[in-house]
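Kindly produce the complete structure, drawing on both the sequences and the hints.
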Amino acid sequence: MKKLFALLLAAMMIVSLAACNNSASEQSQAPDPGQSDGAQNTAAPGGSSDPITLTLWGAEEDQDLLAQLVEEFKAEYSDYTFDIQIGVQSESTAKDTILTDVEAGADVYAFASDQLTDLVAAGALLALDDTMDQVLQSYTGKTLDEIMSANSAGSVEVSTYEDTLYAFPFSADGYFMFYDPTYISAEQAQSWDTLLDAAEAAGKRVGMTLASGWYNAGFFYGAGFTTTLNADGTTVIDWNGTSADGITGVQVTQGMLGIASHPAFLAIADGDVSNQINSGSLAAVISGCWDSSTAEANFGDDYVACKLPTFTCGDQQVQTGSVASYKLMGVNPYAENTGWAMLLAEFLTNEQSQVTRFEQRALAPTNANASSDPSVAANKGVAGLAEQSAYAVVQTVGQRFWDPTASFGEQIAQGTIASDDASVQAALDSLVEGVNSAIE
Amino acid sequence: MMKATTVNAAPPDVSRTLSRAKSRKTGRMIGHNVIIAVLAVVWLIPIIWLVCTAFSAQSGMNTSTFFPAEWSVTHFVKLFQPDTVNQFPRWFMNTLIIACATCVISTCFVLMVAYATSFGKFKSRKLLMNIAVILNLFPGVLTMIATYFILRTFGLTNSHVGLILVYSASSGLGYLICKGFFDTVPRALCEAARLDGCNEARIFWNIIIPTSKPIIVYTVINSFLTPWMDFVYAKMILNAGISEYYTVAVGLYNMLEKSLINSYFTIFCCGGVLVSVPISILFFIMQKFYVEGITAGAVKG
Amino acid sequence: MNESASAVGYGGKVKRSISAFFGAIGSFFADFGRAAAKGDAFVKLSLIWWGAGYLRRKQFVKALIMTLLEVGVILFSIFFASQYVPKFNTLGTVQAEQIFNMQTMQMEWNDYDHSFMILLFSLFSFVVWFVALVVWMKNTVNVYRLQLAAERGKHINSFAEDVKTYLDKKFHITLLSLPVLGIVIFTVIPILLLVFVAFTNYDQNHMPPNSLFTWVGLDNFVSLLGGGGLTVTFGYAFVRVLGWTLVWAFFSTLTTYFGGILLSLLLNSKLTRGSRFWRLLFVITIAVPQFVSLLLVSNMFSNNGIINTLCSNVGLTDFLRNAGLISTSYIPFLSAPGWAHVMIIFINIWIGVPYQMLIATGVLGNLPVDQLESARIDGANKTQTFRYITMPYLLQVTAPSLVTDFVKNINNFNVIYLLTDRTFVTTNQAMANSQAREVDLLVTWLFRLTQDYYNYKMAAVIGIMVFIVCAVFTLIAFNFIIRGDKEGVYQ
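In order, the protein sequences belong to chains A, B and C. Here the first sequence stands for residues 1 to 440, numbered as in the numbering used here. Here the second sequence stands for residues 441 to 741, numbered as in the numbering used here. Here the third sequence stands for residues 742 to 1232, numbered as in the numbering used here.
Source of the hints: derived by calculation from the structure; they are not laboratory data. Just so it is clear, the structure is predicted and the values come from calculations on it, not from any experiment. No residue lacks a Cβ here, since even glycine has one placed at the ideal position from N, Cα and C. Any given hint could be a false lead.
[Claimed, not checked] With a straight-line Cα cutoff of 25 Å, these simulated SDA-like cross-link-like pairs (lysine to any residue) come out:
1. B:728 x C:999
2. B:465 x B:475
3. B:675 x C:1149
4. C:911 x B:642
5. C:1123 x B:474
6. C:911 x B:624
7. C:911 x B:567
8. B:462 x C:1011
[Said to hold, decoys possible] According to the in silico footprint, chain C covers these stretches of chain A (three or more CB under 8 Å from chain C):
9. 257-268
10. 411-425
Here it is as structure tokens:
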């Protein structure tokens, strides 16, 4: 037994030692995230002996695309040598990883626009100020203003915080509606009531995620409500009052309750939408470009992507709004080669890269020229997104927004709020109190 | 009680009663085993679903029928064709290496601490044991961030050495079961050895280790499994997004990301099956020792 | 990390050992005092130069080692600790500032303070100094002992002989040094660090390196316990979460414990055929990693998952809805509070019983044969033997593990996190406003606070609360339920 044990021990030690050496040598290729403060590389630009090291994070699905774009970037700046490492980090979770340790984050990273305020607050995004403007002009010949005007107004608005641009937009990422024309006519898709009735008649259902402040805010935005963010990171919502359009929050909530209680309505958990489209029980669903192929596979080649339907608010029909969301490319100020990181981020989001991205990943560009390409307009998902974008609102909110609104949506989905005015008002008051409360 | 009635039965009826009792006994036996079988089936339903889903032709989750509409092994094949998301063979090797190293270090540490606390007669023994008690009462997830920064200080984030340290460095705290086992080793054995001129080191190596097979197996299995199961620490420490460094747990867990679940759910299940098979075999072979070890230690701790 | 640290039977000795603990410290100081007072010039010199006493006794290697150690500590203090420890009282004052250098295309940073690193390295320095202090005192005592030995003309060990004692009399030091070092770096320092964080304002608005955090005293504890204007609901959420944590720990411990005993009795019965095979079937649930099995189960029971489809196909969903038990078009197995609580405990039975079954099986295998034999001779029937011998033995032997299982379940992160993280959204607005949910345990709440909200200060406070709950429970359990310390019985 003892000999066996000793033998086993030795064997394991050797295996693991060999392996550790192995991984250690691989490790050395990656820039050491521990060295950030004060460790200055004195290599002058153009000094071709020391390669300029950069790290880049993008979504899993984008890895091949990014590798190709990075090659193009190297070709563009062929006077310099680069060592660019691409890592996997999905846009929806970039903030979580970055904020745990900003100094270890990638130099350039893609993230969803709703994370911008938190990232700026944590100092994880490089401010694209006048200095950066000069760098851009001297290397790319473009000014920041030119870049801003080349992209859609909404995408620039979400990338801006207190009049400073903090990221380069590269893709529109909102939600709209897919439906199956076999069960639903274009006429019926105009309002939630007719849509749900048509689905019920066909024995199908209409799915939407309610338990998320990203989706359910659309109803309130449609009715003219707003969300604002204060400088101290607190959020202000007025959903328990009356909107600029003269609609009360109670009416909006009652409209939502009416939809959610319809037998043909299916409340889908956040992140479960693709599964539900696949299950075949849906005739229509609220989702985004990321589900285009799933929708096509299940709703047929003639599937329709269009704006959201109108919903009943009191005695009028109100167009359901949505959140104008984008995918942005940000630069980590703690990057070793901050200037080059910024140039890389700019390159990955320029017109040509956006066209390439559309060709490979069918993601809606934000660049006006890239969007005007006929093939882009012909893409159903992109067209649907564009149709809804007229009703999309930029959502600037702080961290306290998400949990209360998710809970509010879940209460509507489960029907735990009674639909009389007093209960709805009480629920809204509680929601507003939670969202508006100070950060402790 | 049944026995009693049989004995009291009248002699002429003995054979009939016996055969009746026998058939009743068979009946009870069948009933008994049927109950176990039913329980086993209930226990295995999720596992069966896992295996079925792994052999499904569909790549997303199947929510309409229990068994897949179409069977296929394509996803097992895909599991071994690395792409930007899936690097399973690589992850498997990483985890195996980390598990082996963790296993060696943890086992040594546990045995060392257990021996020192069980056989040692030094003053601060009780104090150390009480400190260990207190440390064990703190929730592990609380200290993650601190552990991360300690590793970063040493430049060990995004490295397997760092992960091995995280899994094994504190393993000495889990010495109690092993100590419980050592406490049952007759002290006369050591006294005799000491009289023969053995020093403590020799007693440890030549006498205690050979008699501790069950507890070693138990410790080895437990520490070997940790890297296969943990996704929280690994996710935090391997934060550079280089998927070749991932362990199986991080990689598979990642496949359930919103944007990936629809195309990778079946592959996730395949991975789950492939990880479980070797562990099940390990358990099957080591079952006897494992049970011996855990009880010997747990009972007398 | 301490997953394998299934410590069984700890804690019983706490009370008695407190007096022993202070006694030991007292005698340590007394030894040191005596050595410092009564030692000769070289012993006294050792207070300044650690190697002096050994040099006097011609233990050159030891003298060298101690001198190097001392130099090491001094260098450490000058070059490392001095950078951080002086800032410990403020946790840093220099905000990070950056200037872009057009020439190098790099950002130039000022020499900014990183509050977390200051805290971490100060703590590290304190630990090093504490160890140095103990070594220094111990060293003086040792040198004094050497002096006494020399005066009495006793043999003084050569270095080789000294080394040998580390394989014999002092073998425990050899054995313990590495494991203890690991524990100090990877458990003690992190725990101390987070205990300190509970007294700071380390949260999303004060995240290093971009901004600094500092000491705030007991503010965080006040806000957790319901005081303070900012946290309207934190106190409420804490009470709710604590309540469920205790309920969960109680039921999950008892159900798996008795479930395991019942299952092992079933499997070990003489009537069972192929018990090894059956046992393996149950053990498979242990072998599948929890992140696979639990995530799978969570998907099976999700609102639109397979189980719900089956239930609605057989009409169970409609039946429950007509009976008024559910208001939704699905059965909210893991998404409505009452349902989720029960389901979590059931699923935990599924995960936990096989493990307890293994333990019970082992214990049953160790049944005292002589007792069973004498009972049989006395004419006890099966039921009586079971009731008066098997069960009492089983309970007596495994009862201490109930206490540790309870503590482990309070900290059972995996089951709750994997089952509910993706499926459960609270409908209780007051809970949602504190980022808590009805199904959260203190540890999962703590985890979400750190991972999603970077609210480390409150997470640390909750962590301390978890510790207090566990400690109180352990003390009570060992003082009132299980008496006596079984260690030594076998020695």
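For each hint, the structure was consulted:
no.	hint	in the structure
1	B:728 x C:999	holds (22 Å)
2	B:465 x B:475	holds (15 Å)
3	B:675 x C:1149	holds (23 Å)
4	C:911 x B:642	holds (13 Å)
5	C:1123 x B:474	holds (22 Å)
6	C:911 x B:624	holds (22 Å)
7	C:911 x B:567	holds (17 Å)
8	B:462 x C:1011	holds (14 Å)
9	257-268	holds (count 4)
10	411-425	holds (count 5)
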